[in-house]
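J.: These are the residues of each chain, in order.
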Amino acid sequence: MQTKTPILSIQNLRRDFKMGTETVHALRGVSYDIYSGEFVTIMGTSGSGKSTMLNILGCMDRPTSGHYILDGEHTETLKRDALAKIRSQKIGFVFQSYNLLSRTTAIENVELPLLYNPAISAAERHHRAIEALKRVGLEGRMNHLPNQLSGGQQQRVAIARALVNDPVIILADEATGNLDTRTSYEIMMIFQELNRQGKTIAFVTHEPDIATFSTRTITLRDGLVKKDVINETVQDAKEAFEALPPPETFEEED
Amino acid sequence: MNPFTLVKIAIRALLRNRMRTFLSVLGIVIGVAAVITMVAMGEGSKQSIKEQMTAMGTNAITIMPNQSRRGGVQSESTEMLEEEDVIAIREKATYINGVSPMVSVGGQAIVGNNNSPTTLSGISADYLKIRNYEIEDGVMFDDEADRMAKVCVVGQAVVRNLFGGENPIGKTIRYKNIPLKVIGTLKAKGSGDFGQDQDDVIFTPYQTVMRRFSSTTSIRQIYANSIGEGYAAKATEEIMNILKERRSWTKPTDPFRVFTQEEMIQTVTSTSDMLSLVLTAIAGISLLVGGIGIMNIMYVSVTERTKEIGLRMAIGARGKDILLQFLIESILISLLGGSIGIGIGIAASEIIKSVMNWPMSISITSVFVSFGVCCATGVFFGWYPARKASRLDPIEALRFE
Chain A
1 MQTKTPILSI QNLRRDFKMG TETVHALRGV SYDIYSGEFV TIMGTSGSGK STMLNILGCM
61 DRPTSGHYIL DGEHTETLKR DALAKIRSQK IGFVFQSYNL LSRTTAIENV ELPLLYNPAI
121 SAAERHHRAI EALKRVGLEG RMNHLPNQLS GGQQQRVAIA RALVNDPVII LADEATGNLD
181 TRTSYEIMMI FQELNRQGKT IAFVTHEPDI ATFSTRTITL RDGLVKKDVI NETVQDAKEA
241 FEALPPPETF EEED
Chain B
255 MNPFTLVKIA IRALLRNRMR TFLSVLGIVI GVAAVITMVA MGEGSKQSIK EQMTAMGTNA
315 ITIMPNQSRR GGVQSESTEM LEEEDVIAIR EKATYINGVS PMVSVGGQAI VGNNNSPTTL
375 SGISADYLKI RNYEIEDGVM FDDEADRMAK VCVVGQAVVR NLFGGENPIG KTIRYKNIPL
435 KVIGTLKAKG SGDFGQDQDD VIFTPYQTVM RRFSSTTSIR QIYANSIGEG YAAKATEEIM
495 NILKERRSWT KPTDPFRVFT QEEMIQTVTS TSDMLSLVLT AIAGISLLVG GIGIMNIMYV
555 SVTERTKEIG LRMAIGARGK DILLQFLIES ILISLLGGSI GIGIGIAASE IIKSVMNWPM
615 SISITSVFVS FGVCCATGVF FGWYPARKAS RLDPIEALRF E
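For the record, the sequence lines run as chains A and B. The opening residue of the first sequence carries number 1 in our numbering; numbering runs sequentially from there. The opening residue of the second sequence carries number 255 in our numbering; numbering runs sequentially from there.
Warning: the hint list may mix true and false statements.
Using 30 Å as the maximum straight-line C-alpha spacing, the simulated DSS-like pairs for lysine-lysine come out as follows [said to hold, decoys possible]:
no.	chain 1	residue 1	chain 2	residue 2
1	A	85	B	262
2	B	574	A	18
3	A	79	B	430
4	A	134	B	425
5	A	18	B	262
6	A	85	B	561
Covered stretches of chain A, as calculated for chain B (at least 3 residues, CB under 8 Å) [as the list claims (entries may be wrong)]:
no.	segment
7	32-40
8	79-85
9	144-156
Just so you know, these hints were derived from the structure itself, not from any lab. Built from N, CA and C at the ideal position, the CB exists for glycine as well.
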């Protein structure tokens, strides 16, 4: 499934933060390519630079030096508005704490990224939001508010929101961090399914078992790539889920 | 993002905090309503004063003794006006087309069982044209032929009060036991003249008052009429010269005060201008306070929704989109407040007008200006919070709890 040209290319990326008089080197020269169709987990302990990495990958931050080429476009020199446009059209974000707008229905939450793309009409926005919700299995919950949904369902809405603009890459930041194991595996099932359909995914996590569901794992340590391995045996999330001991009490999820 | 969507988002955000929105709107409502009502009040009183003054005759000139006071004590040497002054002015002045003394007596006018505390005014025939009175029925007395005659001309209020609305001509009014025969009635003029009913008058030749009622030779006031607008100053100067000449006046101070209706209008309107300016300024301050209320609430809103702003930015909103979102919220607050404020301001003005019977004049300008100020308030006070929001760093904002 890998093609020759990478969808995302990072070359000798550095990011320094000035903390008073000291300079913290969060990234000290990171290089890697991600190819279309890969499911990459980026691992590392806290302080390894993985959050900084994700912020740069998500075009919310710019590197101090080095190159970041996303879908053929150099992003390191872009201005705020141009970065916003890339975020709006090429990136789908999934956060640890879902970050859904409260008192806003699931479908409206999913439509949100398309609001910032003037090329998309209201009708198309609605249509695409429905399609995205179908892909995460929430077609029956479209008009529910976030507080009427379980954690897993909220994260599925967030995944649908990340899908709706048909991004070149989905960036997930500890997307299972707030969920129990069963629900985590359910979410990983969705990510694996999306990956099988061809979506490129970069998934930041510190949980080793989550990494086993991905096709490749990049481990960061002290701002450098410590390990970058292709997973020979990818664990199937559905099988892992079914192998879990049945829950003692039924969760609120349907 | 298209403007319609932006407005929709703003409305939803405002509805999410109904109480807060309501209070911010209320601030603007009170400000705008206050401005409109205050301006209506100011304009109304100014107009009504002007109308009254105009009704009194725009070219009218009043001459009064100059009662110079020192330490509250009236000085001995006050010059009094006399009948000869009236005659001199009538004969010599060229910028005057009418002159009349005014001597009055207070008392009860009695007809049968009816009585009325109407002042008896001694005048000459010219007085009618000076003060814009017209004869409705009968005739006006003649200065020469009716000198000291026991005749009178009455206003419509007197006809109503003393004669029960019947034609009074030929009938007699008793005033301080002296019978005065009614020879004419005046056309209704309406109230005015600072609350005094201009129809509640009894006119009689001034010589009748001076000789029969008060036995005096001095005249309290002389009224004159300049030949037209713009001649008031010349007429004033001329009158003063005539009066001085008769007395061989050499003192530096003028013996009399002569003031024109135009001056009176100016004095009164400049006072009421000042008053309405103060009223409007106070109302304007309340509008400003309302605007600060918006700014405050928008700051709270931006802080509270930092995470939402971060999310919107993360999924592709530009700084400009965020700026517009918050700006539109504050503009909506002020537009809503402005519209309701205009409604309430107009309603309040109408209520004050009909219930308290105050002269109110709703000025279209004040409606437009306060609405404009309102929009400007929304933009101005919404700008800083909105800009603050638009400049947030998405990473920091997303981390905000």
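J.: Decide, hint by hint, whether the structure agrees.
T.: These are the hints, each one checked on the structure:
1. Only pairs whose Cα atoms come within 30 Å are accepted, and residue 85/A paired with residue 262/B is accepted, the gap being roughly 22 Å.
2. For a cut-off of 30 Å, the pair hint linking residue 574/B to residue 18/A stands: about 28 Å separates their Cα positions.
3. Taking the CA atoms of residue 79/A and residue 430/B, the gap is about 97 Å. The hint is violated against a cut of 30 Å.
4. For the hint pairing residue 134/A with residue 425/B, the CA-to-CA distance comes to about 102 Å; that exceeds 30 Å, so the pair is violated.
5. Proposed proximity of residue 18/A and residue 262/B is contradicted: the alpha carbons are some 41 Å apart, above 30 Å.
6. Of the pairs offered as hints, the one joining residue 85/A and residue 561/B holds, with about 20 Å between alpha carbons and a cut-off of 30 Å not exceeded.
7. Counting residues of the segment 32-40 of chain A whose C-beta lies closer than 8 Å to any C-beta of chain B gives 0; at least three are required, and the coverage claim is violated.
8. Figure legend: the segment 79-85 of chain A, annotated as covered by chain B; annotation consistent (4 residues with Cβ-Cβ distances under 8 Å, at least 3 required).
9. Coverage of a stretch by a chain is defined here by at least three residues with a beta carbon nearer than 8 Å to that chain's beta carbons; for the segment 144-156 of chain A and chain B the count is 0, and the condition is violated.
Of the numbered hints given earlier, the model fails hints 3, 4, 5, 7, 9; all others are met.
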